[in-house]
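**Student:** Chains as they are written, first to last, in the working numbering: chain A, 445 to 691; chain B, 20 to 355; chain C, 60 to 437; chain D, 615 to 906.
Simulated from the structure, these hints should not be mistaken for laboratory data.
Being a predicted model, the structure only gives us computed values, none of them experimental.
For glycine and all other residues, C-beta sits at the position ideal for the given N, C-alpha and C.
Treat the hints loosely; a few may be bogus.
As the list claims (entries may be wrong) - Incomplete in silico selection of chain A near chain B, CB under 8 angstroms:
1. Pro-517
2. Pro-536
3. Arg-558
What the hints assert, rightly or not - Below, simulated PhoX-like cross-link-like pairs (lysine-lysine); rule was C-alpha separation at most 20 angstroms, straight line:
4. D:Lys-901 to A:Lys-462
5. C:Lys-123 to C:Lys-83
6. D:Lys-669 to C:Lys-349
7. C:Lys-217 to C:Lys-300
8. C:Lys-207 to C:Lys-244
9. C:Lys-381 to C:Lys-192
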Amino acid sequence: MGQVLEVSNIHKAFGGIKAVNGVSFAVQEGEILGIIGPNGCGKSTLFNCILGQLEPSEGSVKLDGRDVTGMRPSDLNRLGVSRTFQLLQVFPELSVRENLILAGQEHEGTMLSRFFGRRDAGLSEKADTMIGFFKLGHLVDAKAGGLSYGQQKLLDAAMAFMAGPRLVLLDEPAGGVNLTMLGDLKERLRAINAEQGATFVVIEHNMDFVMSLCTRVVVLAEGKVLAEGTPAEVRANPQVVEAYLGH
Amino acid sequence: MTAPATHGAATERRGLALPSSIDGTLVTLVLGAAILWFAPAGMGRYGTYVLSLWLVMSIAVMGLNLTLGYAGLKSLAQAAFMGLGAYATALLTSKLGLNWYAAFAISGLLTFAVGLVLGFPALRVQAHYLAFVTLAFSTLIWLILRNEQWLTGGVFGLSNIPRPSFLSVKLDGALEFHRFVVVVTFILAAALWWMIRSPWGRAFMALRENPVRAASLGVDTRMYTLLAFAIGSAYAGFAGALYAPLVEFIDPSPFSLSQSFFLLLMVVAGGSGYLLGPFIGALLGVVLPEWLRVVGSLYLIVFATIVMLLLIACPQGVSGLIERGWAKLTGKAGGR
Amino acid sequence: MKMQWILATALSAALGLPALAQDKVKLVDVVELSGAGATAGTNWKNGIDLAVADINAKGGILGKQIEITHYDTQTNPGNTRAAVQRAIDEGTYAVLGPVFSGPIGASMQIAQRAEIAQFVGGEAANLTMQGNKYLFRTSLSQTAAMPKIAAYLKNTVKAGSVAVVWVNNDFGKGGRDAILPELEKAGIKVAVDVATEQGQADFAADAIKVKNSNADAIFVYLNEEESARFLRAAKQQGVTKPMVGETTLLGSKVIELAGEAANGVKGHVGLSIDAPIPAFQEFGKKFQAKYNYVSDHNGLKGYMAVYMIKWATEKQKTFDKKGVADTLRGATIKPSDEPGIMIETTIEQNGDLDRESFLAEVKDGKQVITATLPKIKP
Amino acid sequence: MAEFIAYLIAGIATGAIYALAAIGFTLVWQTSQTINFAQGEFVMLPAVLVLLAIKLFGAPIWLGALIGIAAFILIFGAGFKLAVVDPMIKHGVLPLAIATMALSIIMKEGAKDAFSAEAQNFPSFVPTQTISVFGASISLQHLAIIIVAFAVIGLLQWFVGGTRLGRQMQATAQNPTVARILGIPVERMVLLTFVINAALAVVASALISPIYLAKFSNGEVIGLFAFIAAIVGGFNQVRGALVGGLVVGIVDSMAAAYISTSYRLAVPLVLLVVIILLKPEGLMGRKEERRV
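So that you can see chain A by itself, here it is in the shape it has in the complex:
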């Protein structure tokens, strides 16, 4: 089992406020890693630093041993790192299928082939398969903006998987999703993890969701790593209980 992602000593400050203050962790191939922590502990900022949306003030990010610190999000994505956002991020004016084709089209061919080639970039079937997998088959041609919140959340996740990524970072996938949908989502994620061997990092508030999905959990507090271990170990850690789980 190789190491997919290695994050070392990431710092990020906004003005005088240190949002992330020296975070290090590693992600092993095939695992589902959870990152938890109270509001404002720097989870999203950490994500954005890893994914090139923000430039870290200090520290490095390595993908398969290669330094990708500060690399542009689009390039990182084409190396196989995919993500979802805390707030919903689908393209409302495009249909469900178009959303998925978009998520895959930049991973194949060249700019020229994308201009002169097929307009679906040969991805229609793959998109339909993915849509079926996420149980949105009846909505293939609907505009994404017209879907329910939970459906959009599923679409959002589906887009992250469209290009067959090595590593997927999910930012609060369970936020605002109702219980039935939540079950669906968890089941889908597990299935992809099992079938495609995809590796996950999940930021989540919903404790039950994280504890039942993840194989390992990193706890952040005030921009630093507070604890790390299996769900059971973390649950038993007194520091964590005090800082986060306690209330």
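Chains B, C and D: place on chain A using the hints.
**Tutor:** Relative to the frame of chain A, chains B, C and D by itself:
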């Protein structure tokens, strides 16, 4: 009319996976070209000129529509790019005796390259810096056109710009040249239609709706943004290359900053992000003064007010209004 | 053809115009009513309207009433060209306008090709050098005016060096290009050559530059409000050398806007409602009464243009379009034959005009004519 | 040297005018992230409205001024915000920016058609005398503009930093969502900003018009230079307008003096491009982080 096809019907038909499937927009383009081919009958030279001018402006607006409507960038230099194309064509054909077709291609290449050079540093920072840089560029170009009299004729302009010929047919007459403009406009519009339907078009739209998400899906936002701006600028260059022989005289005034603003307003009036919007926008901008002869110079106020009201009531412009009307008629849940 | 007829009828019916084309003569004025040329263009248009009203009230031309149409060019050469084409398509008897030299240059070949006389308000030298037999000026050209300025600078002002301040548009650039060789001929040195922008608001730096050049006199060739702004800035910077100008600088609008700063300005005036000719002053009063502001020389130009057409038509006794130009070339129109022409005017073969002009000075906020200059070829 | 000082002082005097006009850019930017392309017309119009009121109602100058100013602040301060900004801002800032272009045409052409195509004199509230500073002359009018520009910026800084209302306004500008949660009447704060912008435009108009004359097309030049000043100084800082205005004024004056006058206009534009390349946030601006 046609607008629903660009978004609704076309999107839905994509599932058929027919790369060359014909949609409403293309049908409208073909029909429009056919009608315009015969339209000037009995209109006189002036009427024909206005029709041709409308099409030429439509090309420039089409380019800006790509920049603004599809990629969401504010360019304040579309008229300046048009000027570059017009002067390049005028100088190459009248002073160097170059063939118009070569001059046309050079005009497009030149404006495309300048667009890249201009866009690269600006888009590195933030999208709205493109507006600042193009504003400066627009005025600088205008100054050069005016000051370098040895080359551009300065304030006195360039006259006696020759019209092209097709095969061995001379296109000096108003009607012949109009038909030539119709054909060139059709080709350029069809090329844009193809691009918008290709994966590029999808990337452009993703860029406009949510650039951050698009980047996280592997869309090279900088590359596509630059391309949209450079291609949009090249269309202005093409428009300029037709404008010069159409008017047979150019001076710096139609390429000023305020003209660039005016072109932006045309994009919005017609419906930004709709392939056929530019034709409607340019119609309002170019032909409206003809319809509003009665009110004299008030036409500018009328035009600007129409744009304002559209922006308040329906930011998708006239195309958006038509789409809404269509949705109502067909009973579909339309509008946004 | 029939289609057009129906359209035209429908259109005129819709606009409430009487469609009695037979006893009317159609004139189209193509002019700058919006854009940079709006001020000059509006004066020109009002002058024309005044003339048309006068003529129609007295029975028209050869018994026909004049029907005047104005087309706005937006000060855009392309539009001007198209509008002239349109005027000819619609069968205008002659083309009036435009006023700015750039748009004239863009559109003059159209009227020439159609062999229809075009009466323009432009003063740029190059317009009448292209062998166009159908183009007629309504004022002195810059080539005619500038030698008079140079002579004035040399003989009256006794300047050895001159600062030239000009506006960088077709009007100003043309004037500057015309005066420089004349200054050289007169042995006057150009101390500093200052280009300014059309619509420029701030002239402080330009005034300092002129002041520092230590020129004996300053030749100012700007449009109306820029002239006023420059005069004010010059006064503020303590420029004391004489300001010399051509027509515009001594115009009523400049005097009104510049206030005290205009006092002492001198120069050459082609057309002016302040000229010591009763007809001019009367025109000024009529114009003021109708439009509630003071006409500049463009108002006079427009007014006289219509009378040039009237005179030519009555002379040839028929509405022959081509004949208008033929009749006018080389003719001399005297106010005794046609009072509307106001001042004896000779039309040269190339379309230039020759007439008396004036030297003037601004005293106590008023233009005072100090001398009358004879025609170049009396 | 005396020559240089003369140009410098002329540049500062002109720069203060640009600064006064540029403040509005920064205010509108801060509250709605929009470039107001009609800013130049905002400065042009009050003077025209005052003259129009005098002409239409035959009112004495003070009454004309009162009517014109009240009408302007009402229509283009409150009215602009309610009729243009409010309905449009939900569609994003792009339509709003374009709407201000349309607005500038309406204001300009409206002033021309309703008032006059020609420039008109505007009475000065300041004596027109000239005084001598270091051998260079400067008019009391320009001096007044410099003083007012500094005073207005100082007052705004104090208002924003030192008063409760001002801090609320500042909070709204920085993050409307958070401000709303904190119980700040966000809508009213934004409205207030626009009214302040209109009031400043009136002050600028009253000071500038006696020198530049009242004309419908004045907004083009003033707007362009104020825009450059705002970018050079920094769009997101009110004091950026002051610094930018002065820098642009001085650079323009020096360009007229020492560089080809036909390319004078190019110099501030090149400065603008250089600033964008080297310090995109402007001389005084705050760096805006890319946020997700």
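**Student:** All hints are to be evaluated individually against the structure, with a verdict given for each.
**Tutor:** Taking the hints in turn, this is what the structure says about them:
With 8 angstroms as the threshold, the beta carbon of Pro-517 (chain A) comes within range of chain B, its nearest partner Cβ sitting at about 4 angstroms, so the hint holds. Interface restraint check: Pro-536 (chain A) against chain B, minimum CB-CB distance 7 angstroms, threshold 8 angstroms, status holds. Of the supplied interface hints, the one on Arg-558 (chain A) holds, with its beta-carbon coming within about 4 angstroms of a beta-carbon of chain B, less than 8 angstroms. For the hint linking Lys-901 (chain D) to Lys-462 (chain A), the alpha-carbon distance of about 17 angstroms falls within 20 angstroms, and the restraint holds.
Pair hint Lys-123 (chain C) plus Lys-83 (chain C) holds up; C-alpha atoms about 5 angstroms apart against a cutoff of 20 angstroms. Restraint check: the Cα-Cα separation between Lys-669 (chain D) and Lys-349 (chain C) comes to about 17 angstroms, which is no more than 20 angstroms; the hinted pair holds. For the hint pairing Lys-217 (chain C) with Lys-300 (chain C), the CA-to-CA distance comes to about 12 angstroms; that is within 20 angstroms, so the pair holds. For the hint pairing Lys-207 (chain C) with Lys-244 (chain C), the CA-to-CA distance comes to about 12 angstroms; that is within 20 angstroms, so the pair holds.
Distance check on the hinted pair: Lys-381 (chain C) and Lys-192 (chain C) sit about 10 angstroms apart at the alpha-carbon level, within 20 angstroms; holds.
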